[in-house]
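Here's the letter readout for the chains.
Number of protein chains: 2
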Amino acid sequence: MKQITKKVIKNSLKRIFLYRACLVKLKLMGVEKVFSYTLANETGVTSDQVRKDFSEFNIKGNKRGGYDINVLLEKMEKIFHRSKDNNIVLIGMGNMGLALSKYSKFAQRNMNIVATFDIDPFKQKLRSGIPVYSMSRLKEIIDRFGVKVAILAVPEISAQEVADELIRYGIMGIVNFAPVLLKVSPDVIINNVNLCDELESVIYYVHKLMKVDGLKNLELLYRDMKY
Amino acid sequence: MKQITKKVIKNSLKRIFLYRACLVKLKLMGVEKVFSYTLANETGVTSDQVRKDFSEFNIKGNKRGGYDINVLLEKMEKIFHRSKDNNIVLIGMGNMGLALSKYSKFAQRNMNIVATFDIDPFKQKLRSGIPVYSMSRLKEIIDRFGVKVAILAVPEISAQEVADELIRYGIMGIVNFAPVLLKVSPDVIINNVNLCDELESVIYYVHKLMKVDGLKNLELLYRDMKY
DNA sequence: CTTTTTTTGTGATTTGTTTCACATCAATTC
DNA sequence: GAATTGATGTGAAACAAATCACAAAAAAAG
Ligand SMILES: NC(=O)c1ccc[n+]([C@@H]2O[C@H](COP(=O)([O-])OP(=O)(O)OC[C@H]3O[C@@H](n4cnc5c(N)ncnc54)[C@H](O)[C@@H]3O)[C@@H](O)[C@H]2O)c1
Ligand SMILES: NC(=O)c1ccc[n+]([C@@H]2O[C@H](COP(=O)([O-])OP(=O)(O)OC[C@H]3O[C@@H](n4cnc5c(N)ncnc54)[C@H](O)[C@@H]3O)[C@@H](O)[C@H]2O)c1
Numbered sequence: 001m002k003q004i005t006k007k008v009i010k011n012s013l014k015r016i017f018l019y020r021a022c023l024v025k026l027k028l029m030g031v032e033k034v035f036s037y038t039l040a041n042e043t044g045v046t047s048d049q050v051r052k053d054f055s056e057f058n059i060k061g062n063k064r065g066g067y068d069i070n071v072l073l074e075k076m077e078k079i080f081h082r083s084k085d086n087n088i089v090l091i092g093m094g095n096m097g098l099a100l101s102k103y104s105k106f107a108q109r110n111m112n113i114v115a116t117f118d119i120d121p122f123k124q125k126l127r128s129g130i131p132v133y134s135m136s137r138l139k140e141i142i143d144r145f146g147v148k149v150a151i152l153a154v155p156e157i158s159a160q161e162v163a164d165e166l167i168r169y170g171i172m173g174i175v176n177f178a179p180v181l182l183k184v185s186p187d188v189i190i191n192n193v194n195l196c197d198e199l200e201s202v203i204y205y206v207h208k209l210m211k212v213d214g215l216k217n218l219e220l221l222y223r224d225m226k227y
Numbered sequence: 001m002k003q004i005t006k007k008v009i010k011n012s013l014k015r016i017f018l019y020r021a022c023l024v025k026l027k028l029m030g031v032e033k034v035f036s037y038t039l040a041n042e043t044g045v046t047s048d049q050v051r052k053d054f055s056e057f058n059i060k061g062n063k064r065g066g067y068d069i070n071v072l073l074e075k076m077e078k079i080f081h082r083s084k085d086n087n088i089v090l091i092g093m094g095n096m097g098l099a100l101s102k103y104s105k106f107a108q109r110n111m112n113i114v115a116t117f118d119i120d121p122f123k124q125k126l127r128s129g130i131p132v133y134s135m136s137r138l139k140e141i142i143d144r145f146g147v148k149v150a151i152l153a154v155p156e157i158s159a160q161e162v163a164d165e166l167i168r169y170g171i172m173g174i175v176n177f178a179p180v181l182l183k184v185s186p187d188v189i190i191n192n193v194n195l196c197d198e199l200e201s202v203i204y205y206v207h208k209l210m211k212v213d214g215l216k217n218l219e220l221l222y223r224d225m226k227y
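First to last, the protein sequences are chains F and Y. If you read the first sequence in the working numbering, its first letter stands for residue 1, the second for the next number, and so on. If you read the second sequence in the working numbering, its first letter stands for residue 1, the second for the next number, and so on.
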């Protein structure tokens, strides 16, 4: 049987996120220059891997001189398309939606939630500085702000229907917090964030860890479950 | 250079989560029996992969008869250690912590947030049905409920310090919402949930998608960025 | 200015994962 | 009840990712 959809979020891209987190931290500490092994030590990947990843994204350093932290961060900004602003809409202003709408890091990274939407008239008022609209204004706002990416924080039961609507109006990528597998055409990017699964996988590994009594089986140990 | 920490959350385990999500949905629709290709169609992986994954976790079906959905779900419960209850603590009752504390799915899956904690006396009162304690009672509660897993939703600046405290009191696994790389001993499981990164990776792929004009380069297309 | 040291960048090699291919089994058909 | 059909389960083959190993470059030392 042939596979129709495929996993294409590359491990190397995930590690680029990791390197950046690390670089941000180092920069705050006043560091200006890093070597592949600096990043390696901090992140737990090998220095070879760091360089291989950089080479994949065409990031070049200086032979013997390592990498300038600012240049590196700048190149990463480019990779993540953060030179320009990205307008986002958020659907569902319940518990999760409200928390997300108040999260300042998104805006700090040029990802602006320009509007939020909810079906419940009770929630359609200004909270957290971002307007809450009724669903009837969705198309208008998406068009006006040229929005391409949405955050979906509605109950499971409504997730598919709202996703369909978003896609009809031109949304091309969705971060979906509802624990359902959305059925969409393959030219739409869906990123499912399933917090139950995240918690469960920690439990899974903790149980596993407890079974290898005396920590004899070091093969099974690890620090971070993702890159 | 040798790698000290390694990625061990296996793709196969991630896909088991995916299969389960799918099975839950099918069960609700009244389906009782599935074949490897049923799951394959629903999830976008190949039927071979489904069977290989099952074989890794020692899940057996019936030749020609496929798999009984209930048996399958039961075996997965076992894999995720959900026969017994898992007690969880949640640290940081700000925006994110509050939303999480109100999320009923955790309890539905036997993951009980038995207590929440905050440094701010103002937040130390009952909200959302779960008590909010001062940090001074952390050890007591962890001991009393035999808690092994924590959710960390405090500001970045405090994340490391609180993580250290948790680990000192016996916590073995942490779901960390703060966008910082925690430094911990390798026998502690850290699962970083970085929502900025999740959003950014969608933006990354949407931009990529827009560049392959006319959708000619189908190689680049995909439905779900993770398994 | 030559040698040594240090670090990058990348083919070659190894290791890991997915797909293929088919033997095996059990239900169904004839 | 023999033959056919339609599934599983799993080694073998193909593919992908990570590690190794070393040439190339540049800085530092002599
Ligand atoms: N709260 C959490 O911590 C949490 C954690 C993980 C996942 N989730 C998931 O996120 C989603 C939202 O969770 P929540 O806790 O915020 O739920 P919630 O019930 O508090 O909020 C849902 C919001 O969506 C709105 N809504 C419902 N149908 C809608 C529609 N068709 N169009 C627009 N808006 C609609 C509701 O009015 C409500 O305000 C759920 O799918 C949930 O499973 C929540
Ligand atoms: N709000 C979101 O949507 C969101 C999204 C992604 C990530 N995060 C991350 O989650 C964390 C919390 O975010 P938030 O928006 O809820 O922030 P917040 O400021 O609303 O809440 C933080 C809470 O932690 C408490 N706290 C601070 N120091 C503490 C300590 N040492 N011990 C115990 N409690 C302490 C504070 O009193 C506050 O109640 C942050 O690291 C943030 O980056 C938040």
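These are computed hints drawn from the structure, not numbers from a lab. You may find that some hints are simply not true.
All copies of an identical chain are treated as equivalent in the list; a pair is satisfied when it fits inside any one copy or across any two copies.
Claimed, not checked - Listed next, the in silico PhoX-like pairs over lysine-lysine satisfying Cα-Cα at most 20 Å (straight line): (1) K27 to K208; (2) K25 to K208; (3) K84 to K33; (4) K183 to K78; (5) K33 to K139; (6) K123 to K27; (7) K75 to K183; (8) K211 to K63; (9) K78 to K208; (10) K75 to K10; (11) K139 to K211; (12) K123 to K84; (13) K60 to K183; (14) K75 to K125; (15) K125 to K60; (16) K208 to K139; (17) K105 to K14; (18) K84 to K125; (19) K123 to K102; (20) K84 to K105; (21) K183 to K14; (22) K211 to K102; (23) K10 to K211; (24) K78 to K10; (25) K14 to K52; (26) K139 to K75; (27) K63 to K105.
Copy assignment of K75 with K125, given that the CA separation must stay at most 20 Å: neither (40 Å within a copy, 46 Å between copies)
20 Å Cα threshold - placement of K211 relative to K10: Only across copies: K10 and K211 sit 18 Å apart there, 32 Å inside one copy, limit 20 Å.
Copy assignment of K123 with K102, given that the CA separation must stay at most 20 Å: both (15 Å within a copy, 17 Å between copies)
Copy assignment of K139 with K211, given that the CA separation must stay at most 20 Å: Intra 53 Å, inter 23 Å, cutoff 20 Å: neither.
Intra- versus inter-subunit Cα pairing at 20 Å for K33 with K139: Classified as neither; 47 Å inside a copy, 41 Å across copies.
Homomeric proximity label, K211 with K63: Cα distance no greater than 20 Å: Neither way: K211 and K63 sit 46 Å apart in one copy and 33 Å across, limit 20 Å.
Same-copy or cross-copy closeness of K75 to K183 [CA-CA at most 20 Å]: neither (34 Å within a copy, 26 Å between copies)
Alpha-carbon proximity between K84 and K125, which holds within one copy, between copies, both or neither at 20 Å: Classified as neither: same-chain Cα gap 29 Å, cross-chain 43 Å, threshold 20 Å.
Within, between, both or neither, where K84 and K105 count as close if Cα-Cα is 20 Å or less: within (16 Å within a copy, 37 Å between copies)
Up to 20 Å CA-CA - K102 versus K211, copy category: neither (41 Å within a copy, 32 Å between copies)
Alpha-carbon proximity context of K105 and K14, limit 20 Å: Classified as within; 19 Å inside a copy, 28 Å across copies.
Identical-chain pair category, K125 with K60, by Cα at 20 Å: neither (49 Å within a copy, 53 Å between copies)
Comparing the model with each earlier hint shows violations of hints 1, 2, 3, 4, 5, 6, 7, 8, 11, 12, 13, 14, 15, 16, 18, 22, 26, 27; every other hint is respected.
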